[in-house]
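Protein chains in written order, with the working numbering: chain V, 1 to 602; chain A, 1 to 397; chain S, 1 to 175.
Derived from the structure by calculation, the hints contain no laboratory data.
Here the structure is a predicted model, which is why all the values come from computation and not from measurement.
By construction, the Cβ of each residue, glycine as well, lies at the ideal position given by its N, Cα and C atoms.
Keep in mind that a hint or two might mislead.
As the list claims (entries may be wrong) - Listed next, with one range per pair, are the computed distances between beta-carbon atoms:
#1 V:E493 - S:T165: 44 to 52 Å
#2 V:K68 - S:I18: 51 to 59 Å
#3 A:E315 - S:W132: 37 to 45 Å
#4 S:T165 - V:G548: 32 to 40 Å
#5 S:S160 - V:E493: 51 to 59 Å
#6 S:T74 - V:K4: 39 to 47 Å
#7 S:S160 - V:E45: 18 to 26 Å
#8 A:E315 - S:D141: 32 to 40 Å
#9 A:A379 - V:D43: 53 to 61 Å
#10 S:T74 - V:D29: 51 to 59 Å
#11 A:E315 - V:E45: 28 to 36 Å
To be verified - Calculated from the model, a selection of chain A residues having no Cβ within reach of chain V, i.e. all distances over 12 Å:
#12 T47
#13 G69
#14 T240
#15 H290
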Amino acid sequence: MNIKDVLSPFTAWKRVARDPVTVKDPFNDRPGADRYRGFHKNDVEACIGCGTCEDICENEAIDLVPFKDPISGDSGLRPSIDYGRCCWCALCVDVCTTNSLTLSNEYTWVATDPDEFIFTPGVDKKDWDENEKGWKKPEGNYEFYGLKRVEMEHLHPEERSDSFIEMVKGYSKEQAQKEADRCVECGICTATCPAHMGIPEYIKAIRNDDIEEGLRVLYETNPLPEICGRICTHKCESVCSIGHKGDPLSIRWLKRYIADQVPSDKYKDILDTNEIENNDKKIAIIGAGPSGLTAAHYLVKMGYSVTIFEQFEAAGGMMRYGIPEYRLPYESIDKDINYILSLGVDIKYNTRIGADITLDQLGKDFDAVFSGTGLHLGRSTGIPGSDNEHVYYSTDYLRKITAGEEIEVAESIVVIGGGNVAMDITRSLARMQKVKYGKANIIATSLEKEDVMPADREEVVEAREEGAIINPGWAPQSIEIKDGVPTGLHVVECNSLFDETGRFNPQCSMDVKEFWPGVQIIESIGQGMDLSYISEEFKENMAFSPRGRVETNDYFQTGVKWFFMGGDIIEGPDVIHGIANGHKAAIGIDNFIQGIDFKAAK
Amino acid sequence: MDLKKLFQMNPDRSLYPEMGEDGKPIIDLSSHKFLKIWQGPQHPGITGNMSLELTVSGDEIVESKTHVGYLHRGFEKLMERRKFIQCFPTCIRMCVAEPDPNEYILAAAIEDLAGIEVPETAQWLRTLALEMARLQILLRSVPGQGGTFALGLGYQWGNYIRDLILDRFEELTGGRVYHMYIIPGGVRGLLPDGFKKRMEENLKLVDEFVINIDNLMYNNSVFKQRAKGLAVIPKDWIDTYGVYGPTARAAGVMRDVRKTHPYLKYAELDFEPFTTTESDVYARSRVRWHDLQTTVDLIRQIMAKMPDGGEIRAETPNVLHWRIPKGETYQKCESSRGEYGMYMVTDGSDKPRRVNLKGPSYTHANALLDKLLINANIADTAAIMVSLATCPPEIER
Amino acid sequence: MKDLIKDIESRFKTSDYIQKLDHLAFITVEKEQAISLVTYLRDYRKYAGLTLLTAVDWLEDGVFQLTYLLNNPTDYTEIGVRVMIDRDNATMESSHHLWENMMTYQRELREMFGIDFPGSPRIEEDFILEGWDNMPPYRRDFDTKKYAEETYFPRPGRESNDPATYMKSKMYPND
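Bound-form chain V, shown alone (with noise of 0.2 Å):
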């Protein structure tokens, strides 16, 4: 034993004389670090209730408690955080769509009782709620799941502008694979479809690789997914959670992936309809569009005889005749319309009601009739000018290029519409004119300003990189005509459409003004709906609104009972709207055929 080892310890006495180390201050609080995980706060109004914080979270400490009723795109539930549970790891707020959840740095809450330690943050108000600091989703490169979309390829528009091929290549297996592992599956999107897809399902099935479930999936609620997965509006993909954050999910192009892996004759195979068993009843389907096609699907499925009325040549509707090529080539059309008629469902071509065959002779022939005969009749501006030859609607334009009839395609052309029907023909004029001239002299406007137009923002972009002139924000006032023929429109600024109680009113800067040259003129400010096929007598047992709309109950009943409405008469103007009313006035007219008592029309 030496010395030094008995003396050295003695050198703590030196730290005698030191000020002590512990806190001071009892009183005052010491507040977390700025990165720390605290209670949770959440900004209720940025929230969606999407539930992601509740699938990731491993304790099951989060529960989704009603805040107030769903709308579009915001389930109105909100996280509720048992404190029993939570062991702050914040993952979390890591993973919300929308940033609304964080943590904030409180770590000294006392409360005697237990279940004050179950709140919902943000709506059970709490002292830190306004404390910018605590946890909060890490910046630069740290995501959970992917923001951005896997790009889908498009033809360039030099290669698209002189030509009707399909612009859109669709995704390979990989680009589907990686676009559908984005999703949360949190199904907000499912209830703003009107055909309630099962969306977060068949993404599922594609992530899986499982195409078979996808096509199942696709078909429990929508006959038509090849044209769907072309065209839909997507509604669906403007109120995805990932939207908030990032770009929302190519929902359309994923469903649009699944209908095309699978060839036309493993359809029956795997969706299970090569044996239907049929019932002795019959129904008469008015319209070979979305509605009259999909109620036709469910009603032959359900076991009845389906006979459709089409007055064209070709079904499909406005997918066909209203749809350019170039956007739903018609292979897709007739893959899906195929299939349906597949399945047994007779249709009748160049067959109108009213002129071939009368509404009431349906009636008495079949045990019930669904009609969605559509919106096929142009509108006019009425402007002075409007009643030239040389003024056409663009509905009827767009008909015959489909038929491939001998029409009209001037050297310079006008188009009055801002909807996807204006950008519509506006393409498909500008790809004749580039045949027919070598270049694209066309111009197209609209009331509303760019940022309301109402046609897809996508729409306008692919028209101007085709060399088509899209000036938004103009209100037409005459067309000139010299000499029997239009030499263009005169347009003066458009401020505004609407006045402050929500009325359509516009309002234009009649010294602001324009003249564009054009010897053809279109229009294409909306379309109209033919019932010339129902008799005044008829009409007289239907219900009608005040401004003249066909009145239904929820199946899509009119006031005749054994005849149902649906489609673009009714709901939309859109395929979506058309497939969801036609399958419900399927389930409608299925129960109204077996005696089931349902909500009696209005």
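Mind docking chains A and S on chain V? Use the hints.
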């Protein structure tokens, strides 16, 4: 009167217990020469709970059996029922006192099986977090060895500085004890502003502590008297008993995963783990004291070398349905106690098939401790357990 | 490690060799030869250290996989020896004589997986689960969640809603 005999500290114990022909003590409890006592589960020698079933003859232990299970929560099984990302908050609890190696080996195993490359900055930050974790636990376990001999003062000093290091953890990771920082794919944040400056202030205190504890503990006649020659681990036990880390290095065997299998950024750092040969409690504690200095030096090197910004997390598939192809791997790192590894088996689903954590206490506190305690004094059990850095939760997970 | 594997393959009935990392390989060996291979590795190939012994339950295939992970303290390589044993008759030759710490692993495996190692010291003693009377809990068919629900009680007053189902019930209940 023979003064020397009066103050003799080691009485002649050769008579008890009686040895049988097989070289093992003859233990007959009914002979009244033996006593069975339980130490624990609240035991001064460990963080956590563990019991020793001791058979003693006088104050000398003749047989010891380790009993664990007081902290069993079945994490390995729980992880089989959780998605890969959900394993991340679960795994850290397998060693509470030093949670970061848990985070790292889980992340490393997942990244290895999924084929993910972690960004440069994240690797530096991981290295920093692991060394900070080592620093905070050594600030407890180095003076803690003195604590087992009733020298509590150094423990107070160490714990004060440890709290300051936890403040740094708090600002870097958002948590003081469960840091949840090394996430599969990367880390969860860059250094906050002014972090390096505040860290350096703390490190200066550690420098001072290293000298003070040297004077207080290692040059202390009582400590030396009790720790030297206690619980010697012969070199040839290293492999048969499974001895790792500082414990092995005290026996002259180089065991440091940072050197033998350099992971993260250790290959770019300049350090030499300390080894000695005495292999007693004193030597093991001394190795940790050197480790403490190495760690301080490493933290300084890391802070000087690491980039200021950069990507903190690699792109991974959507964590909510992250599937990892079938495979198996063993990933390890050097914890303050030694090699800390995770064996993970995946089957192509979104959850691990099997996770097995291998911490040094599994062998240190079972087979090795049972052996070392034979012929030890009851009063030395805590010291021996601390010298082996026993952490019960990693035995039973 | 390639030479080592070639050597092993020439001497033992092995399969499924995978070089996972530069220093880490896995190889499967027939059950009868497993302890011989482990002994060979320890005594003749310098794999003197036992890193771990654990089991993986392949319930669907009706087998347990035992993994003996050995390490070489001279060149720091590691080799995982896999052994597939029948799940219904889960018994394996004991190797407690090779490493002092092996008996701890074997005790744990018997308790957690129900794999017996006859002859291993204290194999019958409880290790972690004193007084456990259910099936070995690390077997795949032991449902931890179900066990927890039956053994403990949930906190009252907790109820959650699925966003899609909730929206459907509120927004279009008739569909």
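> Do S:S160 and V:E45 keep their Cβ atoms within the hinted range of 18 to 26 Å?
Replying inline: Hint holds: Cβ distance 22 Å, inside 18 to 26 Å.
> Once the closest CB in chain V is found, is it more than 12 Å from A:G69?
Replying inline: Label holds. Min Cβ-Cβ 23 Å, cutoff 12 Å.
>> Verify this label for me: A:H290 is non-interface relative to chain V, using a Cβ-Cβ cutoff of 12 Å.
In response: At roughly 18 Å from the nearest Cβ of chain V, A:H290 sits farther out than 12 Å, so the non-interface label holds.
>> Tell me if the beta carbons of S:S160 and V:E493 are separated by a distance inside 51 to 59 Å.
In response: For S:S160 and V:E493 the Cβ distance comes to about 53 Å; the hint holds.
>> Over 12 Å from every CB of chain V: does A:T47 meet that, or does the non-interface label fail?
In response: holds (19 Å)
> For the pair S:T165 and V:G548, does the Cβ-Cβ distance stay inside 32 to 40 Å?
Replying inline: holds (38 Å)
>> Within 51 to 59 Å: is that where the Cβ-Cβ distance between S:T74 and V:D29 falls?
In response: holds (57 Å)
>> Given a hint of 32 to 40 Å, does the C-beta separation of A:E315 and S:D141 actually sit inside it?
In response: holds (37 Å)
> Does the hinted range 51 to 59 Å hold for V:K68 and S:I18 at CB?
Replying inline: Since V:K68 and S:I18 have Cβ atoms about 55 Å apart, the given range 51 to 59 Å holds.
> Holds or violated: is the Cβ of A:T240 farther than 12 Å from all Cβ atoms of chain V?
Replying inline: holds (35 Å)
> Is 37 to 45 Å right for how far apart the beta carbons of A:E315 and S:W132 are?
Replying inline: holds (44 Å)
> That 53 to 61 Å hint for A:A379 and V:D43 (C-beta), does it hold up?
Replying inline: holds (59 Å)
Taken one by one, the earlier hints all hold for this structure without exception.
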